[in-house]
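From first to last, the protein sequence lines stand for chains Z and D. For the first sequence, full-length UniProt numbering assigns the number 1 to the initial residue and increments by one for each residue that follows. For the second sequence, full-length UniProt numbering assigns the number 1 to the initial residue and increments by one for each residue that follows.
Hints were generated in silico from the structure; no laboratory data involved. Do not rely on the hints blindly, as some may be mistaken.
Claimed, not checked - Quick partial rundown of chain D residues pointing at chain Z, CB under 7 Å, derived from the structure:
#1 Met1
#2 Val3
#3 His22
#4 Gly28
#5 Ser32
#6 Ser39
#7 Glu40
#8 Val184
#9 Thr198
#10 Tyr217
#11 Ser218
#12 Gly221
Stated by the list, open to error - Now the in silico label distances, taken between C-beta atoms and shown as ranges:
#13 Glu268/Z / Pro111/D: 44 to 54 Å
#14 Gly28/D / Arg279/Z: 41 to 51 Å
#15 Glu48/D / Glu245/Z: 21 to 31 Å
#16 Ala83/Z / Gly270/D: 35 to 45 Å
The beta carbon of each residue, even a glycine, is placed where N, CA and C say it ideally should be.
Number of protein chains: 2
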Amino acid sequence: MSVIYQRVALIGLGLIASSMAHAMREAGIAGSVAGHAKSEATRKAALEIGFCDEVFATATDAVKDADLVVLAVPVGAMAAIAAEIGPHLKPGACVSDVGSVKQAVIEAVAPHIPEGVDFVPAHPLAGTEHSGPHSGFASLFRNRWCLLTPTPQSRPEAVAQLRAFWEGMGANVDEMDAPHHDLVLAVVSHTPHLIAFTMVGVADHLRRVSNSEVIKYSASGFRDFTRIAASDPTMWRDVFLTNKEATLDILGRFTEELFMLQRAIRMEDGEQLHAYFTRTRAIRRGIIDAGQDTAAPDFGRVAAAGGATALKGKE
Amino acid sequence: MSVIYQRVALIGLGLIASSMAHAMREAGIAGSVAGHAKSEATRKAALEIGFCDEVFATATDAVKDADLVVLAVPVGAMAAIAAEIGPHLKPGACVSDVGSVKQAVIEAVAPHIPEGVDFVPAHPLAGTEHSGPHSGFASLFRNRWCLLTPTPQSRPEAVAQLRAFWEGMGANVDEMDAPHHDLVLAVVSHTPHLIAFTMVGVADHLRRVSNSEVIKYSASGFRDFTRIAASDPTMWRDVFLTNKEATLDILGRFTEELFMLQRAIRMEDGEQLHAYFTRTRAIRRGIIDAGQDTAAPDFGRVAAAGGATALKGKE
Numbered sequence: 001m002s003v004i005y006q007r008v009a010l011i012g013l014g015l016i017a018s019s020m021a022h023a024m025r026e027a028g029i030a031g032s033v034a035g036h037a038k039s040e041a042t043r044k045a046a047l048e049i050g051f052c053d054e055v056f057a058t059a060t061d062a063v064k065d066a067d068l069v070v071l072a073v074p075v076g077a078m079a080a081i082a083a084e085i086g087p088h089l090k091p092g093a094c095v096s097d098v099g100s101v102k103q104a105v106i107e108a109v110a111p112h113i114p115e116g117v118d119f120v121p122a123h124p125l126a127g128t129e130h131s132g133p134h135s136g137f138a139s140l141f142r143n144r145w146c147l148l149t150p151t152p153q154s155r156p157e158a159v160a161q162l163r164a165f166w167e168g169m170g171a172n173v174d175e176m177d178a179p180h181h182d183l184v185l186a187v188v189s190h191t192p193h194l195i196a197f198t199m200v201g202v203a204d205h206l207r208r209v210s211n212s213e214v215i216k217y218s219a220s221g222f223r224d225f226t227r228i229a230a231s232d233p234t235m236w237r238d239v240f241l242t243n244k245e246a247t248l249d250i251l252g253r254f255t256e257e258l259f260m261l262q263r264a265i266r267m268e269d270g271e272q273l274h275a276y277f278t279r280t281r282a283i284r285r286g287i288i289d290a291g292q293d294t295a296a297p298d299f300g301r302v303a304a305a306g307g308a309t310a311l312k313g314k315e
Numbered sequence: 001m002s003v004i005y006q007r008v009a010l011i012g013l014g015l016i017a018s019s020m021a022h023a024m025r026e027a028g029i030a031g032s033v034a035g036h037a038k039s040e041a042t043r044k045a046a047l048e049i050g051f052c053d054e055v056f057a058t059a060t061d062a063v064k065d066a067d068l069v070v071l072a073v074p075v076g077a078m079a080a081i082a083a084e085i086g087p088h089l090k091p092g093a094c095v096s097d098v099g100s101v102k103q104a105v106i107e108a109v110a111p112h113i114p115e116g117v118d119f120v121p122a123h124p125l126a127g128t129e130h131s132g133p134h135s136g137f138a139s140l141f142r143n144r145w146c147l148l149t150p151t152p153q154s155r156p157e158a159v160a161q162l163r164a165f166w167e168g169m170g171a172n173v174d175e176m177d178a179p180h181h182d183l184v185l186a187v188v189s190h191t192p193h194l195i196a197f198t199m200v201g202v203a204d205h206l207r208r209v210s211n212s213e214v215i216k217y218s219a220s221g222f223r224d225f226t227r228i229a230a231s232d233p234t235m236w237r238d239v240f241l242t243n244k245e246a247t248l249d250i251l252g253r254f255t256e257e258l259f260m261l262q263r264a265i266r267m268e269d270g271e272q273l274h275a276y277f278t279r280t281r282a283i284r285r286g287i288i289d290a291g292q293d294t295a296a297p298d299f300g301r302v303a304a305a306g307g308a309t310a311l312k313g314k315e
C-alpha cells in the first residue's frame with residue numbers, strides 16, 4: 001500500500017496507539033511515526049520495541065509537522081492535551097482520537113482546533129484486557145469496526161483519508177453522528193459493562209457464597225460477566241462520566257424491564273417468562289448468522305481445566 | 001474401568017441424557033442402558049445413534065430392573081415422572097436427576113421414592129446451546145463440575161457409587177446441601193442469566209438503535225450477554241419458578257448495587273466508580289488463576305469476521 005500520511009503523531013502510547021503504530025508500519029501507510037507519552041519509561045519502550053521513529057517528552061514537540069495527530073489518551077485527559085497542541089498543529093493536518101465516547105471528545109477537542117486543521121473523531125472497537133506499549137500488535141484492528149463520527153466542520157477529503165488509513169490497518173469503517181454513536185455504544189457496550197461490574201460486585205461481597213465457589217463454578221454463566229468486568233477502571237470511569245445521559249437512559253429501560261421479569265418470577269407467571277426468553281434467542285441467532293461469533297459450543301473457547309467451558313443450555 | 005451400575009435407565013433423552021449414555025459407554029461403567037422419551041422420534045433416534053440398548057414408550061417399563069434411574073427432564077416435569085415410576089423401582093436401586101435446581105427437585109421427587117431405594121440428586125454443570133438426542137457427545141462432562149446434593153436419607157454407599165459414576169464420565173464431583181446449591185447457582189448462573197435475558201430484551205425493542213447495529217457491534221461486550229441469553233426458554237422458565245427465593249434475593253442485592261452505581265454516574269462520583277471497578281477486576285484474575293478460563297485475549301475465541309473478537313479494554 002502507498003503512504004497515506006507522511007507523518008503520524010501518536011499522543012499516548014498504550015495498547016491502541018502501539019497497535020496502530022505496528023499496523024500502519026506493516027501496511028506501509030505512514031511515512032514516519034512520532035510519539036509522546038508522559039512516562040519516560042513508556043517513551044523508551046516505544047523506541048526499543050521500535051514502533052516509533054522518534055519520541056518526544058512534550059505533546060507539542062510530537063505534533064510538529066505531523067499530518068495526522070491521534071489522541072490516544074483517556075477521554076478525561078483530551079481537553080488539556082488539545083488545548084496544549086492546538087497552537088502547534090501544522091496547517092492542513094488532521095486531528096483524530098480513539099475515545100470510546102464521541103460527543104464529550106468533540107466538546108473537549110473541537111474548540112482547540114485552529115482554522116485550516118481538520119478534526120475527525122474515531123473509535124476503533126478493538127482492544128484486549130492488556131495495556132501499555134508492550135501490549136500492542138499489528139492485527140488488533142483486523143476485521144474490527146472503526147466508527148468515524150465527523151463533525152459538520154470535517155472536510156469530506158479529510159474523512160475519506162482517515163477512512164483509507166483505518167482500512168489500511170485492516171478495520172471495517174462505518175460513519176455515524178456522535179450522539180448516535182454514544183447511544184449505540186451505551187447499548188452494546190457501556191450498559192452491559194456497568195451491569196457486569198455490578199453483578200461481579202454483588203458476588204464479591206456475598207457472604208454466604210465464598211469467592212472460591214463463585215470462581216470454581218463461574219463457567220455457569222458468571223464467568224462472562226467477570227470478563228467484561230475486568231476492563232480498565234480509569235477508562236470505564238471516564239466512559240460513564242462522559243456518556244452519562246445515554247447510559248442512564250439505557251439503564252432506566254433495563255431496570256424497568258428487569259422489574260417486569262422479577263415480578264413475573266414473584267407472581268410465577270411462567271408464560272410471560274417463556275415468551276420473553278424465546279424472543280431473546282433470536283438476537284443470538286442473528287449475531288451468529290452475521291458472522292459476529294461462532295456457533296461452536298462455547299464459541300470454540302479453549303477449554304481450561306475445572307469446568308472452563310461455558311454452559312449454554314444447562315445451568 | 002469396571003461396571004458401576006449393571007443397568008442404567010435414562011428418563012428423557014435430550015442433550016444431557018444422550019451425552020451421559022455416550023460417556024458411560026465409552027468408560028464402560030454401565031452394563032446396559034435403557035431409555036424413555038415421550039416422543040417416538042426421539043426414542044427411534046436413540047436406537048439409531050445407538051446410545052441406548054433398549055427404549056421404552058413408558059417410564060415405568062424403562063426403570064424396570066434398573067440399578068440407576070436418571071431423571072433428565074425439565075424440573076417442572078419431575079414430580080409427575082417420580083409419581084409414575086415410584087412403585088416400579090427395583091429394591092436397592094438409586095434414583096438421581098440432572099436438574100439445575102435442587103430443593104424443588106427434592107420436594108418433587110423424594111415423596112415418591114419407596115423404602116429401600118436411594119435418592120441422590122445431582123446437577124452436572126455442563127451443557128451447550130444445542131438440544132435433543134442428536135446433540136449429545138461423550139466428552140460433555142469432562143473437567144466439568146457435577147454437584148451432588150444428598151438428602152439425610154441418602155445412604156453414603158449410594159452417594160459414593162454415584163460419585164464414582166460421574167467421575168467415570170470425566171466430571172469433577174462436589175457435594176453440598178440443596179439450599180446452598182440453589183444459592184450458589186443463583187449467584188453464578190441464574191441471576192446472570194436473567195440479567196442477560198433482560199439486557200438482550202432491552203436492545204431488542206430499542207427503536208433508536210436498529211437490531212442490525214446491535215448485532216454488528218455486538219463484540220463490544222453485548223455479545224456475551226446474547227450467548228447466555230440464548231439458552232432454552234422452557235428450562236429457564238422452570239429454573240426461575242423453582243429457584244424463586246434465591247433468585248429474588250440475589251436480584252434484590254443486584255438492583256441495590258446497580259442503583260448505587262447509577263447514582264454515582266448521575267452525581268459524577270468518579271472516585272466511587274473507579275474504586276468499584278478496581279475491586280471487580282480481582283475476581284476475574286482469580287478465575288484465570290483458578291484455571292476456570294484462559295488469559296488469552298478474548299479467551300482465545302475463534303475470531304469471526306466483522307469484529308468478532310470481544311473487547312476487553314476499549315469499548
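So, going through the hints one by one against the coordinates:
Of the supplied interface hints, the one on Met1/D is violated, with its beta-carbon coming no nearer than about 20 Å to a beta-carbon of chain Z, more than 7 Å. Interface restraint check: Val3/D against chain Z, minimum CB-CB distance 26 Å, threshold 7 Å, status violated. Interface hint status for His22/D: violated, as the beta-carbon distance to the closest one in chain Z is roughly 15 Å, over 7 Å. Because the smallest distance between the Cβ of Gly28/D and any Cβ of chain Z comes to about 24 Å, over 7 Å, the interface hint for this residue is violated.
Taken as an interface hint, Ser32/D does not check out: its beta carbon lies about 25 Å from the nearest beta carbon of chain Z, beyond 7 Å. Annotation: interface hint on Ser39/D violated; nearest CB of chain Z at approximately 18 Å, more than 7 Å. Interface restraint check: Glu40/D against chain Z, minimum CB-CB distance 23 Å, threshold 7 Å, status violated. At its closest, the beta carbon of Val184/D sits 5 Å from a beta carbon of chain Z; the interface hint therefore holds under the 7 Å criterion.
Annotation: Thr198/D was flagged as interfacial toward chain Z, and the flag holds, the nearest CB pair being 5 Å apart, inside 7 Å. A cut of 7 Å between beta carbons decides the hint on Tyr217/D: the least distance to chain Z is about 5 Å, and the hint holds. Against a cut-off of 7 Å between C-beta atoms, the interface hint on Ser218/D holds, since the closest Cβ of chain Z lies about 5 Å away. A least Cβ separation of about 4 Å between Gly221/D and chain Z falls short of the 7 Å threshold, and the interface hint therefore holds.
Between Glu268/Z and Pro111/D, the C-beta spacing of about 21 Å breaks the proposed range 44 to 54 Å. For Gly28/D and Arg279/Z, the hinted distance range of 41 to 51 Å is satisfied, since their beta carbons lie about 44 Å from each other. Range check, Glu48/D to Glu245/Z: Cβ separation about 58 Å, and the 21 to 31 Å hint is violated. Against the hinted window of 35 to 45 Å, the Cβ-Cβ separation of Ala83/Z and Gly270/D comes to about 21 Å, which falls outside the hint.
Hints 1, 2, 3, 4, 5, 6, 7, 13, 15 and 16, counting from the list given before, are not met by this structure.
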